[in-house]
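S.K.: Protein chains in written order, with the numbering used here: chain A, 181 to 413; chain B, 1294 to 1795.
Think of the hints as simulated: they come from the structure by calculation, not from any bench.
Mixed in with the good hints, there may be bad ones.
[Stated by the list, open to error] Simulated crosslink set (DSBU-like; lysine-lysine; CA at most 30 Å straight-line):
(1) Lys-1393/B <-> Lys-1341/B
(2) Lys-1443/B <-> Lys-1639/B
(3) Lys-1412/B <-> Lys-1631/B
(4) Lys-311/A <-> Lys-1370/B
(5) Lys-1306/B <-> Lys-329/A
(6) Lys-1615/B <-> Lys-311/A
(7) Lys-1469/B <-> Lys-1341/B
(8) Lys-1302/B <-> Lys-327/A
(9) Lys-1639/B <-> Lys-1490/B
(10) Lys-1302/B <-> Lys-329/A
(11) Lys-311/A <-> Lys-329/A
(12) Lys-1406/B <-> Lys-1650/B
(13) Lys-1631/B <-> Lys-1600/B
(14) Lys-1341/B <-> Lys-327/A
(15) Lys-1631/B <-> Lys-1615/B
(16) Lys-327/A <-> Lys-311/A
(17) Lys-1393/B <-> Lys-1443/B
(18) Lys-260/A <-> Lys-1600/B
(19) Lys-1438/B <-> Lys-1406/B
(20) Lys-1406/B <-> Lys-1306/B
(21) Lys-1615/B <-> Lys-1341/B
Note that this is a predicted model, so its numbers are computed, not measured.
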Amino acid sequence: MSNQTILTAANVTKTFRMGESVIEVLKGVDLSLNAGEFLAIEGRSGSGKSTLLHILSALDECNSGSIHYDGRDIAGMSPKGRCELRNAQFGFVFQFYYLLPELNVLENTLLPAMVQHSVLSFRRNSGALRKRAIDVLTELGMEHRLKHKPQQLSGGERQRVAIARALMNSPKVLFADEPTGNLDIETGRQIMHVLEMLHDKGQTIVMVTHDRTIARQTDRVVVLAEGRLREVH
Amino acid sequence: MYKLHLILKYLRKRRIAWVSLIAVTLCTAMVLVVISVMGGWLRMFEEKFHGLSGDIMITTSLRGFSHYQEMVDQIEKLPEVVAAAPVIEAYGLLDIGRQKRDGVQVIGYPIDKIGKINKFIDSLYFQHQQYVEAANQPGASSVQKAELLKQARDAAAHASFSFSPLDAATRADLAKRQQRNNWPGMIVGSGVLEIRKDRNGDTVGRELFKYEMPATLVLFNSQAKNLSDPSEITRRAYWIADDSHTGVYQYDGQAIYIPFDIAQQDMGMAAQQVTTADNRQLTQPARTHQIHVKLKAGVEPLAAKDKIREIVDNVMQEARRKDEALAAPLSWTDIVPKVETWRENKAMWIAAVEHEKILVVFLFSMISVVAVFLIFCIFYMIVVEKTRDIGIIKSVGATATGVAGIFLGYGAAIGIVGGGLGFFAGFIIVSYINEIHTALGRWMGIQIWNPEVYVFDRIPSQIDPTEASIIVGVAILSSIAGAIVPAIRAARMNPVEAVRYE
């Protein structure tokens, strides 16, 4: 882990309108993330952890405040710029894996590369890209399932494929939203091993969890409560 | 790359989209068949009717008009003109061998000239078509083919009413028994002789004994005032020289062709001596019903028509002056012939079918709108069903334009595949439409195409490449149009809301 700050959030707020009432989920969140750091955002269900993660990863927009990645203000970026950021710089792992059912394991993993490349460029670099996808899947122990469809995989295997997809374009930051939340204890432990292994190799990871045991396995834990972040260790 | 990859995946895996595909296929095939048959009918009408008339037609009522020979001579001197010939068209009663009696359309042709003006000679079986049919037999070698086609050309060049398909001995025997040496020859429409195609497409009914039978034609004087007066009716015996198959039911089923001068004579239209009230002996000029004019290739018919009209007007004016000088109405100068292009002459038919074609295109456009709406509904369902997938694709960096592109491309793919399949199905149906029609008639007793109504004995079976391209193009555009709104909806989705969609 280096001391170089890669991502910062300052005074971030987010509100949701539910009919007549307005719910203020984030009430001025400040956060900084160093390169190579493994950060856990802990909090109770409904505390706004996932919302904060979505905002940090450019999937959603905040109402006010600023988020800077690598010196650039994400909030001020064009929709196309945010898409490029999500594709090339960030990787995202969802709690429920969210794999495309029509695509097999290899194709799901290749999806970010397909988004990044035009038809011609993809065909030209097809060999290298496929090798990269297979390497990532091999690293995650999924090399024997390349042609399988998501519905033919177990929960743990699906989450490994989701992680492989997130890693495909070698992102600077990996965001994981409750990556073990939908898995049994043993499988969840295996997924945590995978994330730790990636962290050991220098991958910056931001993980959201409501499980304190899981959170303790990271470098740093922040707790989101009442719309504000509190440093734990 | 992801757009193409997902489009191809969805095209193969999303079976609900196959409903759109089938709708596009059926619409394309249906429109192609209808447009091809109607457009083909128009083309065939133009080709066949134009083939049986001149480019310019000078016409009048059944009484006919005089001084036609002066007109023909002057018209033929125009640089735009290939040839001009008078034609008589009337109605008569025909009796063939006392076995078949029918009302017929009688056409008087100067056969030595008519080949320069229209394609009538090409329709004669013994004097042209039999050689062409033999040349087109599958077994014919290229040498045989060339020889047979040469024979067809030679026979057509010498086509005449004096021809007979019978051998010399039979002819001599008949001449002795029937005293037919002085009879003129007559060419009859193939349908008049009941020559037709059987269920297998083979020609039946062209037995030679039919050409041995005497044919008697009864014609009425063109100026007849009292049809019960026997002097107003001419009865003449003919032998049947040949049969004509033009492909136009109206002609093949009802028309007979006789020499122009005989028709003129029997209808009282030849030049004749008359005595005026003041006892002067004058010659009443010969008349015809029509003059057909063939123009040189590339000549604009409307421009040539004006020149020909000028000639007709001048000839008639000159005739009127002479008439006035004689102080006797002999020249039929009160009758002013009409000068028209062949298209103007048949405008009523052509306009009716063109209007019908527009109406059918409009009706099928409405059906296509239904197909577009069907595509819209199916795509909307797919977008709703694929909401989470859209969120996933956006989460890995796909732009709104890219997501819209997936669904527009998907629509285009359905249009291309459906339009292509529809074109193929339409092409097969149109190509074998006569065989399909025959089979339907054989198995189910259905006859959709009535040649008496639709003029031709065969359903047009040619596809116009331009029309086919437009139909397939519209199918593709319609499919894209149906996908536009769902694509916009997909593009506008928020990725977080989309992945959470239940």
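S.K.: Each of the hints needs a verdict: does it hold here or not?
M.R.: Structure-based check of all given hints:
Of the pairs offered as hints, the one joining Lys-1393/B and Lys-1341/B holds, with about 27 Å between alpha carbons and a cut-off of 30 Å not exceeded. The straight-line distance between the Cα atoms of Lys-1443/B and Lys-1639/B is roughly 34 Å, outside the 30 Å bound, and the hint therefore fails. Between Lys-1412/B and Lys-1631/B, the direct Cα distance comes to roughly 23 Å. Compliance with the 30 Å bound is thereby established for this hinted pair. Taking the CA atoms of Lys-311/A and Lys-1370/B, the gap is about 84 Å. The hint is violated against a cut of 30 Å.
Among the hinted pairs, Lys-1306/B with Lys-329/A is consistent with the structure: their alpha-carbon atoms are about 13 Å apart, no more than 30 Å. Among the hinted pairs, Lys-1615/B with Lys-311/A is inconsistent with the structure: their alpha-carbon atoms are about 103 Å apart, more than 30 Å. In summary, the hint linking Lys-1469/B to Lys-1341/B is not supported, as the alpha carbons are separated by about 40 Å, beyond the 30 Å threshold. For the suggested pair Lys-1302/B and Lys-327/A, the alpha carbons sit about 15 Å apart, so the restraint of at most 30 Å is met.
Under the criterion of a C-alpha separation no larger than 30 Å, the hint pairing Lys-1639/B with Lys-1490/B is consistent with the structure, at around 28 Å. Of the supplied pair hints, the one linking Lys-1302/B and Lys-329/A holds, its CA atoms being roughly 13 Å apart against a limit of 30 Å. Only pairs whose Cα atoms come within 30 Å are accepted, and Lys-311/A paired with Lys-329/A is accepted, the gap being roughly 19 Å. A hinted pair counts as satisfied when its Cα atoms are at most 30 Å apart, and Lys-1406/B with Lys-1650/B does not qualify at roughly 37 Å.
Between Lys-1631/B and Lys-1600/B the CA atoms are separated by roughly 13 Å; this keeps the pair inside 30 Å, and the hint holds. Annotation: proposed proximity of Lys-1341/B to Lys-327/A is violated, straight-line Cα distance about 63 Å (limit 30 Å). Between the alpha carbons of Lys-1631/B and Lys-1615/B the distance comes to roughly 21 Å, so the proposed pair stays at or under 30 Å and holds. The straight-line distance between the Cα atoms of Lys-327/A and Lys-311/A is roughly 15 Å, inside the 30 Å bound, and the hint therefore holds.
Of the supplied pair hints, the one linking Lys-1393/B and Lys-1443/B is violated, its CA atoms being roughly 36 Å apart against a limit of 30 Å. For the proposed pair Lys-260/A and Lys-1600/B, the alpha carbon gap of about 70 Å is over 30 Å, so the pair is violated. Restraint check for Lys-1438/B and Lys-1406/B: satisfied, since their Cα atoms lie roughly 27 Å apart, inside the 30 Å limit. Annotation: proposed proximity of Lys-1406/B to Lys-1306/B is violated, straight-line Cα distance about 68 Å (limit 30 Å).
For a cut-off of 30 Å, the pair hint linking Lys-1615/B to Lys-1341/B is broken: about 40 Å separates their Cα positions.
Hint check: violations occur at hints 2, 4, 6, 7, 12, 14, 17, 18, 20, 21; the rest are consistent with the structure.
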